[in-house]
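S.K.: Build out the structure end to end from the sequences listed, making use of the hints.
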Amino acid sequence: MDKDTKDIGEVVLSPPTDRPDPQPAWRVRLLDTTAGRAVTVAVIMLITLVGAGRLAVAGGTTSPPAERAVEAAAASAERPAGCVTPDRRLQLYAVELPRDPVTNQIRLGYGLTPQTASYPGPTMEMIEGECLAITLHNQVPAATLEQLRTDAAHPVGVSLHVHGVKYTQMSDGTVHSNSFVPPGGSRTYIWFAKPRTATSQGTAGYWWYHDHVVGGPHGTQGLRSGLFGGLVVRRQGDLRPHRTYVTAFGDRQTINLRRSAEADTCDPVNPQPGPTCLVAKIGERVEFIVIGIGDDMHTFHVHGHSWADTRTGMVEGGNKALADSIPVIDNKTLGPGDSFGVQFVAGDSVGPGHWMLHCHMQFHSDLGMSTTLHVLDENGQMPPHAGGHHPAVPAQGAAAPAGAHTNHR
Amino acid sequence: MDKDTKDIGEVVLSPPTDRPDPQPAWRVRLLDTTAGRAVTVAVIMLITLVGAGRLAVAGGTTSPPAERAVEAAAASAERPAGCVTPDRRLQLYAVELPRDPVTNQIRLGYGLTPQTASYPGPTMEMIEGECLAITLHNQVPAATLEQLRTDAAHPVGVSLHVHGVKYTQMSDGTVHSNSFVPPGGSRTYIWFAKPRTATSQGTAGYWWYHDHVVGGPHGTQGLRSGLFGGLVVRRQGDLRPHRTYVTAFGDRQTINLRRSAEADTCDPVNPQPGPTCLVAKIGERVEFIVIGIGDDMHTFHVHGHSWADTRTGMVEGGNKALADSIPVIDNKTLGPGDSFGVQFVAGDSVGPGHWMLHCHMQFHSDLGMSTTLHVLDENGQMPPHAGGHHPAVPAQGAAAPAGAHTNHR
Amino acid sequence: MDKDTKDIGEVVLSPPTDRPDPQPAWRVRLLDTTAGRAVTVAVIMLITLVGAGRLAVAGGTTSPPAERAVEAAAASAERPAGCVTPDRRLQLYAVELPRDPVTNQIRLGYGLTPQTASYPGPTMEMIEGECLAITLHNQVPAATLEQLRTDAAHPVGVSLHVHGVKYTQMSDGTVHSNSFVPPGGSRTYIWFAKPRTATSQGTAGYWWYHDHVVGGPHGTQGLRSGLFGGLVVRRQGDLRPHRTYVTAFGDRQTINLRRSAEADTCDPVNPQPGPTCLVAKIGERVEFIVIGIGDDMHTFHVHGHSWADTRTGMVEGGNKALADSIPVIDNKTLGPGDSFGVQFVAGDSVGPGHWMLHCHMQFHSDLGMSTTLHVLDENGQMPPHAGGHHPAVPAQGAAAPAGAHTNHR
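Residue numbers (my numbering), protein chains in the order written: chain G, 2 to 410; chain H, 2 to 410; chain D, 2 to 410.
The hints are simulated quantities; they were obtained by calculation from the structure and are not laboratory data. Treat the hints with caution; some may be incorrect.
[Stated by the list, open to error] Derived contacts from chain H toward chain D, CB cut-off under 10 Å, selection only:
id	residue
1	His138
2	Gly165
3	Val166
4	Gly206
5	Asp239
6	His243
7	Asp252
8	Gly318
[Stated by the list, open to error] Listed next, with one range per pair, are the computed distances between beta-carbon atoms:
id	chain 1	residue 1	chain 2	residue 2	range
9	G	Arg253	H	Ala153	55 to 61 Å
10	D	Gln237	H	Thr117	51 to 57 Å
11	D	Val270	H	Gly318	51 to 57 Å
12	D	Arg90	G	Leu240	53 to 59 Å
13	D	Asp152	G	Gly238	49 to 55 Å
14	D	Leu98	G	Thr198	29 to 35 Å
For each residue, glycine too, the CB sits at the ideal point set by N, CA and C.
M.R.: Here it is, written out as structure tokens:
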């Protein structure tokens, strides 16, 4: 278990503190200082007028009382209760990527930089109690978004809608709440990983985020093009895995929008962990964020490995009644919008090998909805008895970099 | 939590007592007093002869021993073990309603009176230990039922089949057990909410009831027309919500058989809670009985809110291992026949607003399988920043009546 | 609960001991005694050369050190960690059966003898800690397997792939791991029911096994033809039911590949428990291993009975928070590859009768995806009030043989 404070990329894994935040980026300072509801309306109007773009940054460290009341009203509409100030900020870019090499479909991606955008987008990690501000920059060409639109009355933009954590209507990422980003614009979304308390069930879990606007009011074309990613919210004390992979099961028999050989592009000699290369050394704790997207039902199955059907994928502690009650499974149904976590120790009891990971709907797997978890031995090698018959798998996989982590941050 | 005895409509929320019941309505007094199995047969024959109609009411307060043996035999066939006498009685009417305004389909409904029949039917509430006798009156015209029948050999009638609670074959509501109601007839169904004990898992849960006869042996046309409703069985000590809504996810992208604007008919000025108007004030505990009907798979998703994947939708108590094990979710797959409960505090952490509630299958939501949970502020108002762009939603919703409860009883 | 050591057929229900095993059947003795990895390669080559057939049996009781190292390397590839020696061995035969009487489809089956092969195959039972060696003999004619193949490049053979328990790549039953059996060949698969410990979640659960090779790399044609069966792994202390039935819900609205009258062939006078005759006496504990196969989603529903959504189908012990949290259900969604267990006491509270068991997808049940659990009274009789209207059900069912158990072993 990793209890240290870690800063990997932009993720701070320590519980957030009430650190001073003199110049918060998401506060709106208003010229009109009339108190009360009319002003709140004005705030909204202002935001509407700037085209749902990035919230204006207000400087200054102190405000007169009337202004502070206005700020408070605006803030309560922007920030979920419990989030006084964001503990962390991220920039996120929505960009157009090269078209799908197989289907020639339009591909979009989220990235922490425009250059690193991918589908799925970067895996986000939060810890309960943390408040995260993400500024989304829409760099997708307007023409592309128009092409994905089926209804000319529907606005053109991208958004960020998240599952599981807390956010106000202003961070909902929907058209009706006017919380999306037109081409060239930016907007800050605030997520709060509300902690578990005596009166709150908390938000720790395996979640995901996605566009809710591209092409229609439910973001169907955004999802189909690649605008989604995984989010894991950990609870204090949760075991942190060595590797985290996102596997989004979707339409047209795809895993992360690819199928057949495209779903497993591992280099046999030097496999690099990523969305299309699931690799681990024996003994490493591997975590999957499994997401359902699109229109179809699927089932997530891994050969040789199983997990507990719990929040963490594990059964912990000495509570025998609990341990005896919880199902251990190796196949789980998921529908669109569902997300869950799977954790296990790679190769535990079963050894290294090319372990299939596929949808168990037969026509789905037959059509290529199947990939491989490559479990290497202690030396980072794939033993020869693991078979060399499988296409596109490492015969003699080199060691994966120790400590490699697929979370892109 | 409400531990008081309450009688709301016909629902008694106190645990049932062994109250004296000198003239039970569901006992059959027989003329033939021959003891043993042959007599049991006679009982059955009698019931069959009267057309599976309402059981004859027997007067009198005492019976000779032989007659009592017969009564006991008949009673054991009628009443589930543990139900000595019903604690409560309801009249339920199956009627024909105006055709669907959009599709022109036949619409049927259950109601506690013929005038208040609706689809879904009245939400039933029981408490573990309670025994409920429901007399169903079939007021649907025979011609309508014949029209819904695809096989002329199939009998014409309606029935009441329930999930989760206990009942004998005589309350199964199926054709093969001859427990349905022909046009113009009546029949008493007995449900027992068996309590949890050391040897019984109990029946507390989120259930539903439906016709099992209209159109065919599985009641497919009854379900399609509207003959279904929600049932919640509470356990002693369960938290009782401020509002209970039923959302049945069904074929042709419908919620409660409606889609698009038909699924959300809230008056923006004075929203009245009901099957097509999901509204709550911030801080109110809202409960959904989610039901799958028909042929299709769906996923139930709410924006901004989440719940624990447990019997009650909550994680309770200080059991850390348990609390840490239970998944918190905001999207759940359901197939036909499934039912589960969702509970959360409206607007908790996220504030008021027009929170979408939809199937996350993209083509389902795109075709209109989407509605809105309107969360008003403390004053029963919808703040303007919540957006006015959504069709058919209150811009300035008036306060919902305090204490309003959608359970129709 | 049955804590005694029982040997029913080939199943030993006591926890396995480290019994001496002087001539293990699954060890490979090599002529080449060069130590290290090159030799491991040779082992694999040898296995490959003999066509993935039955492992050669090596005699002798002691080996020189170098040879022992080789044996150890080979063994670790064959046996999952924790399985020192198999506790039990079974012979399993894959054979061709008469074609389906209704659809004329090819039917294959697994059997403990060629003469007793069936679909589903024999129900396997293990106890955590046990290691099982199953030698599969492929007696299906090559011509039949060729007929089921859509791709001439795909090898002809059958295999044994199992869910939930532990096995190495050599027991994976897949083409790419070369762990299948060509026509006329044999191969030993080793399954280890890893026990629950402080660091292992264990493997107790309701699982299944199936072919993964016939017709294509996912065994779609093997599954469709009948090459599957149930597996239950029990934990020490688990309650053992009186009867175990397998109900595989699959394509074309089938239960165990049959529908309508074919799914319920119970003799009304003398019902014999089996895959197409679900019968129990009131008070007997009945267990279902429910399996999803094929392409479609289904829901498993039983009338009058419910179960806890846990590993065992029960809520045990005095942990109130746990008991209150666990959902009790009577309808459960399952997708292909899913498997779960259902346990309840037949007729508990509801009495004897013809209790429907069906998929609740309406068009599935309407097309015949429905059967009956016949619950007889204490005397093994079906009371007359239970109705005689249902086709193909016992009007006066004779007593099922006491102690009958549907596990075929």
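S.K.: So, for every hint listed, does it hold in this structure?
M.R.: Hints and how they fare:
1. Checking H:His138 against chain D: minimum C-beta separation of about 23 Å lies over 10 Å; hint violated.
2. This hint holds: H:Gly165 has a C-beta 6 Å from the nearest C-beta of chain D, less than the 10 Å allowed.
3. With its C-beta approaching chain D no nearer than about 9 Å, H:Val166 sits inside the 10 Å limit, and its interface hint holds.
4. Given hint, H:Gly206 at the interface with chain D, holds; its Cβ is 5 Å from that chain's nearest Cβ, closer than 10 Å.
5. Taking 10 Å as the C-beta cut-off, the interface hint given for H:Asp239 holds, the closest approach to chain D being about 8 Å.
6. A least Cβ separation of about 21 Å between H:His243 and chain D goes past the 10 Å threshold, and the interface hint is therefore violated.
7. Among the interface hints, the one on H:Asp252 holds; its C-beta lies about 8 Å from the nearest C-beta in chain D, closer than the 10 Å criterion.
8. Contact between H:Gly318 and chain D, as hinted, is supported at the beta carbon level, the nearest pair being about 4 Å apart and thus within 10 Å.
9. The supplied range of 55 to 61 Å is broken by G:Arg253 and H:Ala153, whose beta-carbon atoms lie about 44 Å from each other.
10. Under the hint 51 to 57 Å, the C-beta atoms of D:Gln237 and H:Thr117, about 56 Å apart, fit the expected range.
11. Between D:Val270 and H:Gly318 the CB atoms are about 53 Å apart, so this pair conforms to the stated range of 51 to 57 Å.
12. For the hinted restraint 53 to 59 Å between D:Arg90 and G:Leu240, the CB-CB distance of approximately 38 Å leaves it violated.
13. Between D:Asp152 and G:Gly238, the C-beta spacing of about 50 Å keeps the proposed range 49 to 55 Å intact.
14. At roughly 60 Å, the beta-carbon separation of D:Leu98 and G:Thr198 lies outside the given 29 to 35 Å, and the hint is violated.
Going through the hint list in order, the structure does not satisfy hints 1, 6, 9, 12 and 14.
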